[in-house]
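Trainee: Sequence:
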Amino acid sequence: MGRFMGTETEYGITTPSDPTLSPLITSTHAVVAYAAMHTSARSRWDYAEEHPLKDARGYDLQRYRTVPVVDPNAIGVANVVTTNGARYYVDHGHPEYSSPEVDNAWDAMLYDAAGDLYLRQSMDDIRDLWDEGISVLDGAAPCPPIKFYKNNVDGKGQSYGSHENYQYSRHTDFAAVVEGLIPFFVTRQVIVGAGRVGIGRESEHAGFQISQRADYFEQEISLETTLNRGIINTRDEPHADATQFRRLHVIIGDANMSQYSNFLKMGMTKLMLDAIEVGVDFSDLTIQDPVAELQRISHDPTCTHKLLLANGRRCTAIEVLREIRDRVQGLPNEGDVDKRVLALWAEVLDDLAVDPLRTADRLDWTAKWALVRSFMDRGVAADDPKLKMIDIQYADIDPAKSLYHALVRKGSIRTLVGDEEIAHAAKNPPRNSRAYFRGKVTEKFGEEIAASSWQSIVFRIEDRMVRVPLDDVNGWTYEQTAQIINRATTASELLNALGYKHV
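Residue numbers for the sequence shown follow full-length UniProt numbering, so the first one is 1 and each next one is one higher.
Treat the hints with caution; some may be incorrect.
Straight-line distance between alpha carbons at most 35 Å, and here's what the computed DSBU-like set of lysine-lysine pairs gives [unchecked claim]:
no., residue 1, residue 2
1, K386, K156
2, K427, K401
3, K306, K339
4, K306, K388
5, K147, K386
6, K410, K339
7, K427, K410
8, K410, K156
9, K388, K444
10, K427, K501
11, K401, K156
Hints were generated in silico from the structure; no laboratory data involved.
Take these sequences, add in the hints, and give me the full structure.
Mentor: Listed below in C-alpha cells is the structure:
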C-alpha cells in the first residue's frame, strides 16, 4: 500500500573567505541566485493554508490569522518552486529543500538526493556571480563563494533540522501513534543515524555518537521544532483534506548522505504507520525513560546498551527493532518497495549485531565511525580537531571535497541509484502525485503564476487571480493532467480545459 511522504532538509552553510557573514543573507543569496539564473519567473509562497501552531492533541496556539504576503526575494524568506515540484527556500537562516510528494520510500530517497543538486547549482551560481562582481540582492554586496553541508549541528550548540513527513488517516488513534512510534524513533538511530564527533549540545565532551540530533531532544511530545523538542512532534498541518488526513511531521531524524540510510528511514517509518493504522500492538515496547535512552543509545557505538522498558525488561536497540520488524512484516497490501525495505532492514540488523562496522558500506554513522577509528588507531586523540573535520567533510555536498562522495567513488560505500536517476528527479516531478501538476505548470506557465503552495496554485489571468486548489495529494497526476498541460499555450487555456469556464 502506498503512503505519501517527503523530506525537508535545512543545509549547513558557510562562506570560508568571510565566516562573519550572516547565514540569513548568504542563504538568501543562494536561493535568489538559483531562481534568477534558472527560472523564467517567480511566484510568492502562499501561506493561506499554513497552520504550524495547530496541535494534533486538539488545540491551536495561533494568535492571529493574518496571512503574510512575502516577496519571494525577501531577506530570510526567499522562495522558489522548482520544476520537480519541490520547494527551495530560506528557513531559520538556512537554505532548505522540501521534496515533492511521493508515494513510496524509494522515490522519497531519490527526490531527497535531488535536493543536493539544487544546492550544488546555487554554489556554482554564487561563485560565477562573485567572479563577475554581481549581486542578486538589491543593495547588497556580491556574495563570496559558499559551501553547503548536509548535517544537523554546528558544534557550538545549534542544531538544524532534517524532517520527514508522512500522510496518515485522521481516524487513527493519536495515542496509538505515540505509543508505537516513540520506541521506534528512539531505537531506529542505529540504522539511520548520521554519526557525530562530540558528545553534548556544544560537543563539550570528546567522543563519537550515533546520532547528530539525539542530544537536542528534551521531552517525549512537543509542538515546537527549534526548542523544547519532542520525540513526537504534534503539528497538525496536513497540507491536504483536514477531515481525512493528518501529516506526521518527524523532526528526530538526521540528514543522511547514505542512500541506504535514507531509504530505510522512510521505508521503516512508513511500515510502522501501516501497522499502527491496522491495529498492531506495540504497547509492550514502551520505554521507561525515552529521552534518556535516546541519548544513551546514541552515545554507545557498540550498540550493546540495554535500554529499560516500562515492563521491566531490558533489551538493545537492535533487539527492539528486530521485534518491530517482525510485527510490521506481512501486512495487508505489502508492496515490492515494502519487501525491499524489510529485506534490507533484516540484513542491516544482522550485521549490526555481529559488528556495527560491518555496515560501514551502507550506513552513514558506521562509515563515519570507521573513518574516525582509523585516525584514532594511528594515535589521534579523541578530542583532536582533525576528527571534527572528518565529521564536517563527510557531509560536504561538493563531490570534489566530500568524504562521503570519495568513499562512494572508491567503492567503500554502496549506492542504490545513480547520478543519472538523481539528475532526472531534479528536473522532473513525480508522476503519481499533485507534485506533477505543480512542477509542470511552474515550468511552463511560471510568468502567469502569482503564488504557490502545497495545496494550491494561484494564476494571474489579466487583472484577476484564480486559485486552483490541490487538496487531493494523489490527484493532478501525469495521467490526469499531462495532455491538458501539453496542449495549453497559456494559463487561461489551461484553466478553461480544467473546467474553470469563467476565465
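Trainee: Give a verdict on every hint.
Mentor: These are the hints, each one checked on the structure:
no. : hint        : in the structure
1   : K386 x K156 : 16 Å, holds
2   : K427 x K401 : 24 Å, holds
3   : K306 x K339 : 29 Å, holds
4   : K306 x K388 : 28 Å, holds
5   : K147 x K386 : 19 Å, holds
6   : K410 x K339 : 29 Å, holds
7   : K427 x K410 : 28 Å, holds
8   : K410 x K156 : 32 Å, holds
9   : K388 x K444 : 45 Å, violated
10  : K427 x K501 : 31 Å, holds
11  : K401 x K156 : 23 Å, holds
Checked against the numbered hints above, the structure breaks only hint 9 and satisfies the rest.
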